Amino acid sequence: GESVGLHLPTLSVQEGDNSIINCAYSNSASDYFIWYKQESGKGPQFIIDIRSNMDKRQGQRVTVLLNKTVKHLSLQIAATQPGDSAVYFCAENSYTGGGNKLTFGTGTQLKVEL
Amino acid sequence: DTAVSQTPKYLVTQMGNDKSIKCEQNLGHDTMYWYKQDSKKFLKIMFSYNNKELIINETVPNRFSPKSPDKAHLNLHINSLELGDSAVYFCASSPLGGNEKLFFGSGTQLSVL
Numbered sequence: 001g002e003s004v005g006l007h008l009p010t011l012s013v014q015e016g017d018n019s020i021i022n023c024a025y026s027n028s029a030s031d032y033f034i035w036y037k038q039e040s041g042k043g044p045q046f047i048i049d050i051r052s053n054m055d056k057r058q059g060q061r062v063t064v065l066l067n068k069t070v071k072h073l074s075l076q077i078a079a080t081q082p083g084d085s086a087v088y089f090c091a092e093n094s095y096t097g098g099g100n101k102l103t104f105g106t107g108t109q110l111k112v113e114l
Numbered sequence: 001d002t003a004v005s006q007t008p009k010y011l012v013t014q015m016g017n018d019k020s021i022k023c024e025q026n027l028g029h030d031t032m033y034w035y036k037q038d039s040k041k042f043l044k045i046m047f048s049y050n051n052k053e054l055i056i057n058e059t060v061p062n063r064f065s066p067k068s069p070d071k072a073h074l075n076l077h078i079n080s081l082e083l084g085d086s087a088v089y090f091c092a093s094s095p096l097g098g099n100e101k102l103f104f105g106s107g108t109q110l111s112v113l
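Going down the list, the sequences are from chains V and W.
Straight run, no breaks: the first sequence in the numbering used here ends on number 114.
Straight run, no breaks: the second sequence in the numbering used here ends on number 113.
Be careful, since some hints might not be right.
[Claimed, not checked] If you anchor each label on the Cβ, the simulated ranges turn out as follows:
1. V:E39 - W:P8: 15 to 23 angstroms
2. V:N27 - W:G28: 23 to 31 angstroms
3. W:S20 - V:S94: 23 to 31 angstroms
4. W:L54 - V:Q58: 32 to 40 angstroms
5. V:E113 - W:N51: 42 to 50 angstroms
6. V:S40 - W:P8: 13 to 21 angstroms
7. V:Q58 - W:K52: 32 to 40 angstroms
8. W:N51 - V:T103: 17 to 25 angstroms
9. W:G28 - V:S28: 28 to 36 angstroms
10. V:V70 - W:R63: 36 to 44 angstroms
11. V:N27 - W:D38: 18 to 26 angstroms
12. W:K67 - V:E113: 44 to 52 angstroms
[Stated by the list, open to error] In the DSSO-like style, the derived pairs of lysine-lysine whose C-alpha atoms are separated by at most 30 angstroms in a straight line are:
13. V:K71 - W:K36
14. W:K9 - V:K42
15. V:K42 - W:K41
16. W:K41 - V:K101
17. W:K19 - V:K101
18. W:K67 - V:K101
19. W:K41 - V:K68
20. V:K71 - W:K40
21. W:K36 - V:K111
22. V:K101 - W:K9
23. W:K36 - V:K101
24. V:K101 - W:K22
25. V:K42 - W:K22
26. V:K56 - W:K41
27. V:K111 - W:K101
28. W:K52 - W:K19
29. W:K101 - V:K42
30. W:K44 - V:K71
31. V:K111 - W:K44
32. W:K40 - V:K68
33. W:K52 - V:K42
34. V:K42 - W:K67
35. V:K56 - W:K44
36. W:K36 - V:K68
37. V:K56 - W:K101
38. W:K41 - V:K71
39. W:K71 - V:K42
40. V:K42 - W:K44
Quick caveat, the hints were computed from the structure, so don't treat them as lab data.
What you are looking at is a predicted structure, and each value in this text was computed from that prediction instead of being measured.
Heads up, the beta-carbon is just placed ideally off N, CA and C, and yes, glycines get one too.
Extracted from the complex, chain V is given alone in its bound form (with noise of 0.2 angstroms):
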């Protein structure tokens, strides 16, 4: 299944299917990206980043994908299992005097159902 993050919509895949968690960024500067996964009543998570000299990248059952015309991220996640479920963020870096700057999208939702 595949879902845009906006109002932290949910994303509801069967366990065993692949899942494609898509993100709109803003600043066409960035040249950083990340995802997050975050479970209930902790903190976020790195899963896997991308630079921006990249289209593509592949990590374990994990894949993200950089679309920097359309600036469109997205991750998916191959054979979704029960422990995948969580808020997912992709973040856009900027780099400003010292300081890494990571803004959010505003999260995906995804349950994976038995």
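Got chain V sorted already, so can you dock chain W onto it with the hints?
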């Protein structure tokens, strides 16, 4: 051996009180941050400190005063708490330099009654 730890986990207090949240990181990072997450899960940066020096202040009310006694600690003091301050506050850290991922603590749920 938690990388970024913040205390307390929960904080319930009355309007008008002053409270503090503490944060410590043992990752050897030079930069620390405070983020606020509202009831709709929206995460927004409040402050960042680089080796005890304030780098980013995102137009946060001056009732919020971060203090960094050393580069491993960044505490957040809030004066005259208001109902709208109720949120989850996250501390984070990152290595020095551009485009580095942030490591987050587990959050402090602040409820102002």
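* Hint check, failures only -> Per hint list: zero violations.
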